[in-house]
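J.: Sequence:
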Amino acid sequence: MPQGLPRKIRIAFIVQVALASLAIVLGVFLVSAVIKQSLINAALQEEAAHFWDLYGASEAQPPPNTYNMRGYLVLRGRSNLLLPENLRALKPGFHELKDDDLLVLVDEKPAGRLYLVFLRSQATRLAFYFGTLPIIMTLVTIYFVSWLTYRASKRLISPVTWLARQVTQWDPRHPDFSKLAPDKLPPEVQGEARQLASALHGLAHRVAAHVARERDFTRDASHELRTPLTVIRVASDMAMTEDSSPRVTRSLQRIQRAGRDMEAVIDAFLILARENEVEPQSEDFELADILLDEADNARALLVGKHVDLEVTCNAKPRLHAPPRVMQVVISNLLRNACSYTDRGRIDVVLEQDRVVVRDTGIGMSGDSMARAFEPFYRADPSRPQGTGLGLSIVRRLCDRFGWKIELESTMGAGTTATIRFRDLSLG
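Residues in the sequence shown are numbered consecutively from 24, following this note's numbering.
Quick caveat, the hints were computed from the structure, so don't treat them as lab data.
Keep in mind the model is a prediction, meaning the values are calculated, not measured.
Worth double-checking, as some hints may not be accurate.
[To be verified] Computed beta-carbon distance windows for the label pairs:
id, residue 1, residue 2, range
1, L45, L156, 26 to 36 Å
2, H343, A35, 47 to 57 Å
3, A187, K427, 31 to 41 Å
4, N337, R283, 23 to 33 Å
5, D122, A41, 33 to 43 Å
6, H233, L45, 47 to 57 Å
7, D122, A175, 48 to 58 Å
8, G367, E309, 26 to 36 Å
9, I165, G135, 47 to 57 Å
10, L98, A41, 49 to 59 Å
11, T272, C336, 22 to 32 Å
12, M261, H343, 17 to 27 Å
13, G225, A175, 37 to 47 Å
Quick reminder that beta carbons are idealized off the backbone N, C-alpha and C, glycines included.
From just these sequences and the hints, can you work out the full model?
T.: Here's what the structure looks like:
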């Protein structure tokens, strides 16, 4: 789970600790600067004020001289030769002599100037003990608490991670959901995680049962639907061998044609019902033969209409696919063209990489074009022919075999349907 919940929580804690560390590091520099500048300056100011109070009481009061601080007093009108050379040029105020590692306060009064010198190393030591060290301890505490919190969070989400890993490992065709059974769950899977595991186990059971029923139906339908069609086709073939009137012969031919169409539709539906991983039986076939055959069938739908149907084969490509699938696709396109064309013509043009079915029918509006491939949608509901499934089936079959279906239409001028199969092997 490269983008899973544990990783997100880990990143959140890392970001939290990083931001806290950055804030504390900035705080260390700030505290160090405050101690060196503000606190030391304030302490020296108070020390100078205290000295001048004592000096006012007794001029014999010597300058401060302690472990951390040195004091020099230069009375007004007297020489400053006893003052260290690096302090002589300093004006009243607080100074930081980095080269000499000194912090100096020059405090001037009517009696003279007081120089209080504080070692920067001492200030750094004070900053460490009173600023940096407490902050480091705080940082370590934050790290430790964050680590404990992360461990606790990881332990809390481990059941969810375990469930996600189990579901990820399922084979969609044969999911193994036995590990989610209530009696096989790990002890740490409790509470809401156990409820989720139980719900997933029940859902997997229902999905597996549904898939099994679908497979059984597909297998049984493939057999049970073909058997009566085979009987009808054989019986009609036998009847065709006998002498019959032209009317009976035409009826038998229609029965044979309808039987073949039904077999093609059943094959197409069964292919759509199977999983995509299951490859249908395919073969190389001449697309022109299917176009000519389906055009002959479609002409029966144009009886009584002033519509001409012509097939033009500018190429003779060979496709590798189930022939009956292409038969269903072409049949549906021609049936739609015949249903919605009352006069004019229908042209079927075969090129090396496409099939074009063009009619001069009623056409479609923009809204109808947008919904043309929706199941049960019909551009003109007043026409009794069809159920609106034709183009929906065509789209699904084309998607299944990597073909591309395109529609162009103008209201009152007709519709053009194009099937592109450029990505397939062409002979």
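J.: Return holds or violated for the Cβ distance of A187 and K427 against the range 31 to 41 Å.
T.: Given range 31 to 41 Å: holds, Cβ gap about 37 Å.
J.: Taking the Cβ atom of L98 and the Cβ atom of A41, is their distance within the range 49 to 59 Å?
T.: holds (57 Å)
J.: Looking only at beta-carbon atoms, does the pair T272, C336 fall within the given range of 22 to 32 Å?
T.: Given a distance of about 29 Å, which is inside 22 to 32 Å, the answer is holds.
J.: Taking the Cβ atom of H343 and the Cβ atom of A35, is their distance within the range 47 to 57 Å?
T.: holds (53 Å)
J.: Within 26 to 36 Å: is that where the Cβ-Cβ distance between L45 and L156 falls?
T.: The hinted range 26 to 36 Å is violated for L45 and L156, with Cβ atoms some 19 Å apart.
J.: That 48 to 58 Å hint for D122 and A175 (C-beta), does it hold up?
T.: holds (53 Å)
J.: Using the beta carbons of I165 and G135, state whether their distance is inside 47 to 57 Å or not.
T.: holds (51 Å)
J.: Just to be sure I understand the hint, the distance between the Cβ atoms of D122 and A41 should be within 33 to 43 Å; is that true here?
T.: holds (37 Å)
J.: Can you let me know if the beta-carbon spacing of G225 and A175 is within 37 to 47 Å?
T.: Check failed, 31 Å falls outside 37 to 47 Å.
J.: Taking 23 to 33 Å as the hint, is the beta-carbon distance of N337 and R283 inside that range?
T.: holds (27 Å)
J.: Does the beta carbon distance between H233 and L45 stay inside 47 to 57 Å, or does it fall outside?
T.: holds (54 Å)
J.: Does the hinted range 17 to 27 Å hold for M261 and H343 at CB?
T.: Violated: the Cβ-Cβ distance is about 34 Å, outside 17 to 27 Å.
Violated hints, in rising order: 1, 12, 13; the structure is consistent with all others.
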